[in-house]
Amino acid sequence: MNIVTDAKSQLTPEASPMAAHPTATGILTVDLDAIVANWRKLEKTAVPAECGAVVKANGYGCGAEQVTRALANAGCNTFFVANIEEAAVVRAAAPRATVYSLGGFFQNTGDAYARIDCKPVIGDLNELAEWDVFCRRSGWSGGAAIHIDTGMNRLGLTVTEAQGIIPRINAGDHGITLVMSHLAAAELLNNPANARQLSAFREIASLFTGVPASLANSSGVFLGAQFQFEIVRPGCALYGVNPTPEADNPMQQVVDLKARIVQIRSIDRGETVGYGGTWTARRPTRLAIVAAGYADGYFRAASANDGTRGAEVVVAGKRCPIAGRVSMDLIAVDITDLEKNAVRRGHMVTLIGEGITVDEVAHHFGTIGYEVLTSLGRRFHRIYKGGNAVAEKTEAAPPALPVEPPPLSTAAQAPAPS
4 MNIVTDAKSQ
14 LTPEASPMAA
24 HPTATGILTV
34 DLDAIVANWR
44 KLEKTAVPAE
54 CGAVVKANGY
64 GCGAEQVTRA
74 LANAGCNTFF
84 VANIEEAAVV
94 RAAAPRATVY
104 SLGGFFQNTG
114 DAYARIDCKP
124 VIGDLNELAE
134 WDVFCRRSGW
144 SGGAAIHIDT
154 GMNRLGLTVT
164 EAQGIIPRIN
174 AGDHGITLVM
184 SHLAAAELLN
194 NPANARQLSA
204 FREIASLFTG
214 VPASLANSSG
224 VFLGAQFQFE
234 IVRPGCALYG
244 VNPTPEADNP
254 MQQVVDLKAR
264 IVQIRSIDRG
274 ETVGYGGTWT
284 ARRPTRLAIV
294 AAGYADGYFR
304 AASANDGTRG
314 AEVVVAGKRC
324 PIAGRVSMDL
334 IAVDITDLEK
344 NAVRRGHMVT
354 LIGEGITVDE
364 VAHHFGTIGY
374 EVLTSLGRRF
384 HRIYKGGNAV
394 AEKTEAAPPA
404 LPVEPPPLST
414 AAQAPAPS
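Per this note's numbering, the sequence shown starts with residue 4, numbered consecutively.
One or more hints might be untrue.
Only pairs whose alpha carbons sit at most 16 Å apart, straight line, appear in this in silico EDC-like list of lysine to aspartate or glutamate [what the hints assert, rightly or not]:
hint: 1; residue 1: LYS388; residue 2: ASP259
hint: 2; residue 1: LYS59; residue 2: ASP36
hint: 3; residue 1: LYS388; residue 2: GLU68
Simulated from the structure, these hints should not be mistaken for lab results.
Model the full assembly from the supplied sequences, consistent with the hints where possible.
Okay, here's the thing in structure tokens:
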């Protein structure tokens, strides 16, 4: 075994963008223009429905603040997040937008919702009662969404429970600004669950007179106009994940992930690589040791062994296979087929990009593109391009409603019936 070193190896701007970030072991580049282009494509597909954007989980790992600002500048007016903390980030980036928190309403969270003018998505009668109490106490009239379960069996009022609140809707001044449900199998074009959910939702949503309705997620947008209602809620498709896995991906790639080669080494035929010695060199082999691993969200499932080929990365413009197990911080890549001087220590390899898609990586990880994006580690230096990535925040946030609710009367302190 020989270790190959190059004392004169120095990065230049031409050789690698990492030259501008000498301490970075990896760089994740997010193309905000591609996200905007994907949103515009979804918007066009959904016309005349409004196209919102799901930016939960830090914008699917791409940066909620940057993504929200780029989409708001492009004309997106409605955003969906998972919880109130995420909503605060979105509100700061898009002061005039409508923001919904999908995680629901809890007692004593009302002030936080009012402070940033965020609308809870209510999926339980107890939540609805608690929300009513808060609104009566505080006088807040910011509105909320009602989530109805039509087959996911996860969150949401049952159809029967939703029917029970229709008299409230008919009475007016109900404060409900959206009625929604969530598709369980929208990525499977001919799955009969889609038609069943559509039928159930169409029937119950029609009773919410004057309230906009929303059913379609990313894949649901492509199921046809009947699924789109008044607003669609794309998430993964914005970030380049294929929303139509049974067909070609209509979305643009958004992320490019590169990691630094920390060492190049040569091993003899018959030597093994990595933990457990599961991969054996069948010829004299040159390896590039790359500074990325499962601690960075590059899953151990992408490993290679003597019987299974693992994932590939791009080195000096060519695909090269992983050798051995992915470890916490490092990956070994077989670069034997490259020209000897094609790459050096300090250069970078491409883990996502240059033809390697998020969906391809997800296949090797044994998961879906959502998990790949949201797992990409914080050790990567993030670069944003396009989408007014460095634009200053010029808008002031709208005035918040009173944080301190007015004193409760004795009657108002009693919990509302659920």
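Hints and how they fare:
Restraint check for LYS388 and ASP259: satisfied, since their Cα atoms lie roughly 11 Å apart, inside the 16 Å limit. Among the hinted pairs, LYS59 with ASP36 is inconsistent with the structure: their alpha-carbon atoms are about 19 Å apart, more than 16 Å. Of the supplied pair hints, the one linking LYS388 and GLU68 holds, its CA atoms being roughly 14 Å apart against a limit of 16 Å.
When the structure is compared with the earlier hints, a violation turns up for hint 2 alone.
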